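The task is simple: from the sequences and hints, build the whole structure.
These protein sequences, in sequence, are chains A and B. Numbering of the first sequence is given in our numbering, commencing with residue 37 and proceeding in unit increments. Numbering of the second sequence is given in our numbering, commencing with residue 9 and proceeding in unit increments.
For each label pair, taking beta carbons as the anchor points, the in silico distance ranges come out as:
1) A:Gly97 / B:Leu323: 34 to 44 Å
2) A:Ser169 / B:Gln138: 35 to 45 Å
3) A:Glu57 / B:Glu230: 19 to 29 Å
4) B:His137 / A:His496: 25 to 35 Å
5) A:Cys348 / B:Glu230: 39 to 49 Å
6) A:Arg194 / B:Leu195: 41 to 51 Å
7) B:Ile149 / A:Arg191: 45 to 55 Å
8) A:Ala613 / B:Arg15: 46 to 56 Å
9) B:Tyr139 / A:Arg194: 36 to 46 Å
10) B:Thr81 / A:Val367: 46 to 56 Å
Per the computed footprint, the stretches of chain B lying under chain A, defined by three or more beta-carbons under 8 Å from a beta-carbon of chain A, are:
11) 223 to 235
12) 241 to 248
13) 251 to 259
Treat the hints as calculated values from the structure; they're not laboratory data. All values derive from a computational prediction rather than experimental measurement. Glycine is no exception: its CB is placed at the ideal position from the N, C-alpha and C atoms.
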Amino acid sequence: MSEPLLSVRDLRLVFRMATGEIEALHGVDFDIDPGSTVALVGESGSGKSVTAQAIMGILPGNARITSGQLIFNDPASGARTDIASLPAESPELQAIRGARISIIFQEPMVSLSPLHTVGDQVSEALFLHHAVSRAQGMEQTEAMLEMVGFPNPARALRTYPFELSGGLRQRAMIAMALVCRPSLLIADEPTTALDVTVQAQILNLIRDLQAELKMALLLITHDLGVVANMAQTVVVMYHGRIVERGAAAELFSEPGHPYLRALFKAVPRFGMERSERLVPVRAIEHELGEHFQTPASATAHGEALLDVRHLCKSFTIRGTGLFGRNESTEVKAVDDVSFAIQRGECLGLVGESGCGKTTVSKILMRALSPDSGSVEYHDQGEALDLLSLDDEAMMAMRCKMQLIFQDPFSSLSPRMTVFDIVREPLVIHQRGDTASQRELVQELMRLVGLDPRFLSRYPHSFSGGQRQRISIARALALQPQLLICDEPVSALDVSIQAQVLNLLKDLKSELGLTYLFISHNLAVIDYIADRVAVMHRGRLVEIASRDQLFSRAAHPYTRSLLQAVPHPDLARPLDFAAITASGGSDPDQWPAAFQLDAGSSAEWLDLGQGHRVRARANANPGEIVQ
Amino acid sequence: MLRYTIRRLLTMIPTLIAISVIVFVIIQLPPGDYLESHIATMQAQGENVDQKKIAFLREQYGLDQPMWKQYLTWAAGFVQGDLGYSFEYDLPVTEVVGDRMFLTILISVVTIVFTWLIAFPIGIYSATHQYSWGDYGLTFIGFIGLATPNFLLALVMLYLANVYFGTSIGGLMDSQFIDQPWSTAKLLSVLEHLWIPVVVIGTSGTAAMIRRLRANLLDELEKQYVTTGRAKGLPPGKLLRKYPLRMALNFFVADIGNLLPGIISGAEVVAVVLSLPTTGPLLIASLQSQDMYLAGSFLMFLAILTVIGMLISDLLLAMLDPRIRLQGAPAK
Numbered sequence: 037m038s039e040p041l042l043s044v045r046d047l048r049l050v051f052r053m054a055t056g057e058i059e060a061l062h063g064v065d066f067d068i069d070p071g072s073t074v075a076l077v078g079e080s081g082s083g084k085s086v087t088a089q090a091i092m093g094i095l096p097g098n099a100r101i102t103s104g105q106l107i108f109n110d111p112a113s114g115a116r117t118d119i120a121s122l123p124a125e126s127p128e129l130q131a132i133r134g135a136r137i138s139i140i141f142q143e144p145m146v147s148l149s150p151l152h153t154v155g156d157q158v159s160e161a162l163f164l165h166h167a168v169s170r171a172q173g174m175e176q177t178e179a180m181l182e183m184v185g186f187p188n189p190a191r192a193l194r195t196y197p198f199e200l201s202g203g204l205r206q207r208a209m210i211a212m213a214l215v216c217r218p219s220l221l222i223a224d225e226p227t228t229a230l231d232v233t234v235q236a237q238i239l240n241l242i243r244d245l246q247a248e249l250k251m252a253l254l255l256i257t258h259d260l261g262v263v264a265n266m267a268q269t270v271v272v273m274y275h276g277r278i279v280e281r282g283a284a285a286e287l288f289s290e291p292g293h294p295y296l297r298a299l300f301k302a303v304p305r306f307g308m309e310r311s312e313r314l315v316p317v318r319a320i321e322h323e324l325g326e327h328f329q330t331p332a333s334a335t336a337h338g339e340a341l342l343d344v345r346h347l348c349k350s351f352t353i354r355g356t357g358l359f360g361r362n363e364s365t366e367v368k369a370v371d372d373v374s375f376a377i378q379r380g381e382c383l384g385l386v387g388e389s390g391c392g393k394t395t396v397s398k399i400l401m402r403a404l405s406p407d408s409g410s411v412e413y414h415d416q417g418e419a420l421d422l423l424s425l426d427d428e429a430m431m432a433m434r435c436k437m438q439l440i441f442q443d444p445f446s447s448l449s450p451r452m453t454v455f456d457i458v459r460e461p462l463v464i465h466q467r468g469d470t471a472s473q474r475e476l477v478q479e480l481m482r483l484v485g486l487d488p489r490f491l492s493r494y495p496h497s498f499s500g501g502q503r504q505r506i507s508i509a510r511a512l513a514l515q516p517q518l519l520i521c522d523e524p525v526s527a528l529d530v531s532i533q534a535q536v537l538n539l540l541k542d543l544k545s546e547l548g549l550t551y552l553f554i555s556h557n558l559a560v561i562d563y564i565a566d567r568v569a570v571m572h573r574g575r576l577v578e579i580a581s582r583d584q585l586f587s588r589a590a591h592p593y594t595r596s597l598l599q600a601v602p603h604p605d606l607a608r609p610l611d612f613a614a615i616t617a618s619g620g621s622d623p624d625q626w627p628a629a630f631q632l633d634a635g636s637s638a639e640w641l642d643l644g645q646g647h648r649v650r651a652r653a654n655a656n657p658g659e660i661v662q
Numbered sequence: 009m010l011r012y013t014i015r016r017l018l019t020m021i022p023t024l025i026a027i028s029v030i031v032f033v034i035i036q037l038p039p040g041d042y043l044e045s046h047i048a049t050m051q052a053q054g055e056n057v058d059q060k061k062i063a064f065l066r067e068q069y070g071l072d073q074p075m076w077k078q079y080l081t082w083a084a085g086f087v088q089g090d091l092g093y094s095f096e097y098d099l100p101v102t103e104v105v106g107d108r109m110f111l112t113i114l115i116s117v118v119t120i121v122f123t124w125l126i127a128f129p130i131g132i133y134s135a136t137h138q139y140s141w142g143d144y145g146l147t148f149i150g151f152i153g154l155a156t157p158n159f160l161l162a163l164v165m166l167y168l169a170n171v172y173f174g175t176s177i178g179g180l181m182d183s184q185f186i187d188q189p190w191s192t193a194k195l196l197s198v199l200e201h202l203w204i205p206v207v208v209i210g211t212s213g214t215a216a217m218i219r220r221l222r223a224n225l226l227d228e229l230e231k232q233y234v235t236t237g238r239a240k241g242l243p244p245g246k247l248l249r250k251y252p253l254r255m256a257l258n259f260f261v262a263d264i265g266n267l268l269p270g271i272i273s274g275a276e277v278v279a280v281v282l283s284l285p286t287t288g289p290l291l292i293a294s295l296q297s298q299d300m301y302l303a304g305s306f307l308m309f310l311a312i313l314t315v316i317g318m319l320i321s322d323l324l325l326a327m328l329d330p331r332i333r334l335q336g337a338p339a340k
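Below you can see the structure in the form of structure tokens.
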């Protein structure tokens with residue numbers, strides 16, 4: 037192994053902006069050996085993706101390589117090409133692109149054209165780069181689709197991307213990248229948009245295919261857990277520079293650069309002590325003002341604040357389109373969900389996308405009305421039936437419950453200043469005059485660690501983490517008791533995530549807040565929640581205190597979720613066999629004690645100390661606790 | 009696809025019935041009828057009107073009957089191809105309309121083709137060469153086209169055509185062919201005259217379409233799937249044709265339904281200025297004189313054209329876009 041497959045040498049790149057040229061890469065150097073896996077780690081904006089685009093020759097129009105080399109030594113032909121010296125649309129580069137080096141992107145839905153079949157898009161690169169007949173090409177495409185795990189590859193050729201689930205779409209994307217058997221695959225955050233169990237499957241698939249096709253992998257990610265499971269070499273990028281580079285084993289045991297060390301401290305891990313805090317890469321300070329004082333009753337646990345009983349909600353999905361059958365199917369988005377949130381606690385709600393978590397939060401906020409069930413809110417000894425409140429009572433109720441959304445970009449109006457955004461709840465509920473509102477808004481800004489001088493700015497001038505803190509300030513404006521946080525950190529970088537999590541955690545104890553914290557990230561839930569409810573296809577399957585759930589999970593679904601989380605620790609690799617064995621998210625694979633017949637509502641089995649699991653009524657406890 | 013087409017055709021029936029009712033009611037809305045406005049004109053000119061004759065005529069045409077009965081008579085006749093009788097011209101509507109309908113459709117179709125032929129390449133060029141001199145230049149010309157009123161452009165074109173090409177002013181054919189049976193010479197004459205109204209009527213539509221195509225294509229060019237295509241090693245021309253252009257076609261097709269009535273109604277004023285033998289001037293005159301059967305028939309034709317345009321664009325959309333074909337809208 038004399039020559040590396042790809043060597044990046046002193047790569048410098050500028051973006052042309054209205055204000056002049058901005059250098060995005062300040063001399064990047066690294067090598068990829070044939071057949072090896074290199075992980076490129078860094079936060080968003082650090083230049084990871086731009087580096088990948090430069091290697092592929094697919095830079096956006098306003099980017100330009102100013103100096104440096106990208107030497108690609110093709111093992112198949114022995115040819116040596118400097119990609120950086122070739123114009124983007126040159127025939128030499130087009131011959132390499134898609135055939136010798138290919139790429140998979142983060143978002144499988146938008147990366148595939150909705151108007152062309154999977155077969156068409158996957159086979160395209162094959163026909164472009166190889167002289168194969170139509171029949172041969174389709175045969176090879178089908179074989180590739182089978183290789184990436186399509187259950188029915190012949191049918192998959194004719195399906196459209198929007199007919200597939202997220203995991204299958206990403207498989208199609210992988211098939212498309214691999215159909216020409218490249219010697220280098222670039223995976224740009226390939227699993228960030230996927231559920232944790234699907235992520236484990238896709239990572240496993242990429243690893244298997246890599247061994248089979250003997251290709252090198254450049255894995256771009258911000259998830260140290262993924263890195264620990266995939267990479268031999270790690271390259272850390274920060275602000276357009278390589279700050280550290282080395283074997284994974286070395287970097288994980290002795291991270292050298294302060295940024296990497298900080299990153300390790302910012303990632304939530306399983307089994308952290310309750311008192312242990314995450315250390316954000318850039319810490320923020322916040323202060324309580326006179327309006328926000330710790331209430332005396334903040335620590336009064338044990339009393340239910342919100343009591344949810346037997347919630348059901350179905351959606352009807354009509355027809356399969358304009359042509360053909362007009363059957364309508366009923367999907368139970370929320371199926372007999374009951375839980376209670378104690379005053380002052382944080383209840384985590386976990387589950388895969390589409391399991392009904394958000395539907396529950398919408399019902400609680402009365403954005404949707406359930407088919408049946410009740411929601412009771414206990415306020416100063418008074419029980420209010422949330423679902424039957426009239427408009428006036430609901431208006432008053434809104435001051436007690438507020439929502440924080442997932443996407444900090446679309447949840448703030450770009451046409452309002454931060455002041456107007458944070459003040460809006462006060463205006464709607466007619467709290468105080470303008471002067472007192474201004475005072476309160478300034479206090480709110482300090483409360484979430486933002487400078488009150490930012491108030492006259494618009495949301496676009498803030499980063500994702502800052503926007504999310506503005507959202508929190510807005511939610512707190514009415515001094516609510518209960519906050520529903522719907523995936524509040526899943527759109528944020530790991531380094532920013534720690535900031536927002538710490539803030540939420542501090543505010544909870546300082547202001548005596550109660551949280552319903554919805555997330556698909558178990559490590560985040562582990563860090564912030566006191567109790568955890570696990571949801572699967574509209575049903576709660578297990579509910580327990582955080583300690584019990586993470587140490588003695590009983591339900592097979594919870595177990596597979598726990599097993600599928602990649603740990604940023606080389607000593608704890610993902611056990612792909614165990615994930616498959618525990619049955620995952622497919623109820624048919626679960627042990628008999630957890631399989632439920634259609635129609636029969638399962639029993640809650642109490643395992644003590646509030647740990648309850650949904651299982652068959654006649655199942656014996658020995659079967660369940662293994 | 010067949011089932012969808014049939015269903016789509018069936019839903020056209022109630023739509024057209026509803027339109028016909030509305031058309032009829034609107035025509036009848038102004039007080040009085042054709043005879044009354046006719047009498048008023050006659051009296052204003054100092055002529056005596058025989059009340060008996062008026063009463064006879066009123067009975068003859070059914071104008072003394074309640075409105076719903078009049079509607080039914082008209083609608084029943086319309087379905088059988090009897091468009092009624094024009095009071096103004098003292099002729100059956102079919103004869104009054106005659107060639108004019110054909111010429112109107114001819115102008116409209118040629119205008120649409122003209123619009124597309126010009127707008128498509130310019131729109132693509134503008135989008136792929138965003139902020140270049142070519143883009144700015146074409147955008148500038150496009151805005152001038154958009155901002156110039158049709159009738160003004162018509163007058164300018166008339167002048168230019170007369171001075172530089174020697175084509176006689178106005179009309180759609182040389183005067184010797186008017187009311188003559190169709191012949192090769194007449195057809196050539198029509199073609200010679202046709203380009204002026206087509207350019208006049210088509211200019212603003214073309215300019216608008218260039219803008220929309222440019223905007224749509226620019227949106228699509230930004231999309232991730234285009235990058236995916238580039239990453240596969242597709243050459244730029246092929247990439248453009250296969251992915252973003254295909255996507256931008258959707259709106260193009262969806263526009264057909266709007267284009268037909270827009271062109272036809274926009275053409276009317278121009279037709280007056282250019283004194284074209286199309287239906288436009290006739291429609292305006294018939295509305296002014298409350299010549300109800302003539303006006304009603306016109307409006308119905310317009311409605312039918314619109315509905316057919318919508319049908320064509322819907323069918324094409326379903327063929328082009330699998331999402332429309334395969335995905336049902338989820339109910340609440």
